[in-house]
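Peer 1: The numbers in UniProt numbering rise by one with no breaks, and the one at position 68 of the sequence shown is 68.
Read the hints as simulated data drawn from the structure, not as lab findings.
Only a predicted model underlies this, so the values are computations on that prediction, with no experimental measurement involved.
What you were told as hints is all true, and nothing was included just to trick you.
Simulated restraints, written as ranges between beta carbons of each label pair:
{"id": "1", "residue 1": "T163", "residue 2": "L95", "range": "29 to 35 angstroms"}
{"id": "2", "residue 1": "P173", "residue 2": "S51", "range": "20 to 26 angstroms"}
{"id": "3", "residue 1": "Q132", "residue 2": "G61", "range": "27 to 33 angstroms"}
{"id": "4", "residue 1": "E76", "residue 2": "A98", "range": "16 to 22 angstroms"}
{"id": "5", "residue 1": "T167", "residue 2": "G134", "range": "29 to 35 angstroms"}
{"id": "6", "residue 1": "P173", "residue 2": "H92", "range": "20 to 26 angstroms"}
{"id": "7", "residue 1": "Q124", "residue 2": "P176", "range": "26 to 32 angstroms"}
{"id": "8", "residue 1": "N96", "residue 2": "Q155", "range": "24 to 30 angstroms"}
{"id": "9", "residue 1": "A98", "residue 2": "E188", "range": "38 to 44 angstroms"}
{"id": "10", "residue 1": "G134", "residue 2": "S171", "range": "20 to 26 angstroms"}
Where a beta carbon is used, it is the ideal one built from N, C-alpha and C, also for glycine.
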Amino acid sequence: MGSTMNRVHWTTRDLALFADNDKRYEIIDGALIVTRAPRWSHQQITGRIFSALDCWSQESGLGEAAFAPGILLSDEDNVIPDVAWASHARLHQLLNEAEHLVGAPELIVEVLSPGEQNVQRDCQLKLKLYSQQGVQEYWIVDPELHQVQVYRRDQAMLKQVATLFATDILSSPLLPGFSGSLAQVFGEPKHRGY
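Generate the whole structure from the sequences, applying the supplied hints.
Peer 2: Pasting the structure below:
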């Protein structure tokens with residue numbers, strides 16, 4: 001007998017059993033993933049990305065960004081990405097009566113937390129899940145290496161198209177006119193000339 005035969009299979013309904021504390025509960029392919037509240041630096045980077053996307057969205061009128069939205073992709077896939085962005089048309093289709101997303105937005109951003117399990121979750125499990133669910137673009141932000149891996153949909157899969165560093169500007173064909181300084185995202189001090 002394989003180990004999957006004995007594995008507990010979690011669903012979205014099971015999340016109601018857990019206390020509302022400082023932990024995040026996600027389900028990917030029926031497996032429960034529990035993480036602590038992110039560190040200060042993680043929250044700072046996430047906030048800067050959200051802020052840039054939110055400001056651009058308000059100026060362009062093309063969609064909306066959300067900070068740590070719950071996404072109910074299926075009864076066995078319930079995730080909380082760090083940032084998500086959806087066009088108004090897509091958002092109208094995705095929001096249920098409780099204002100939870102019940103499908104994949106166009107853009108998802110995950111900021112890596114330290115630890116092999118966290119990296120595996122965001123770089124493998126979530127990449128696969130988001131690819132299967134139709135996410136158009138996925139940014140994996142690595143605070144330690146000061147880099148962003150950009151994945152874009154190529155036919156039916158998300159494929160890596162770029163690795164950007166702190167000296168680069170982040171832009172996307174999904175977000176016309178958007179550009180974000182990665183030096184600012186990573187909180188690198190500005191050098192002032194005299």
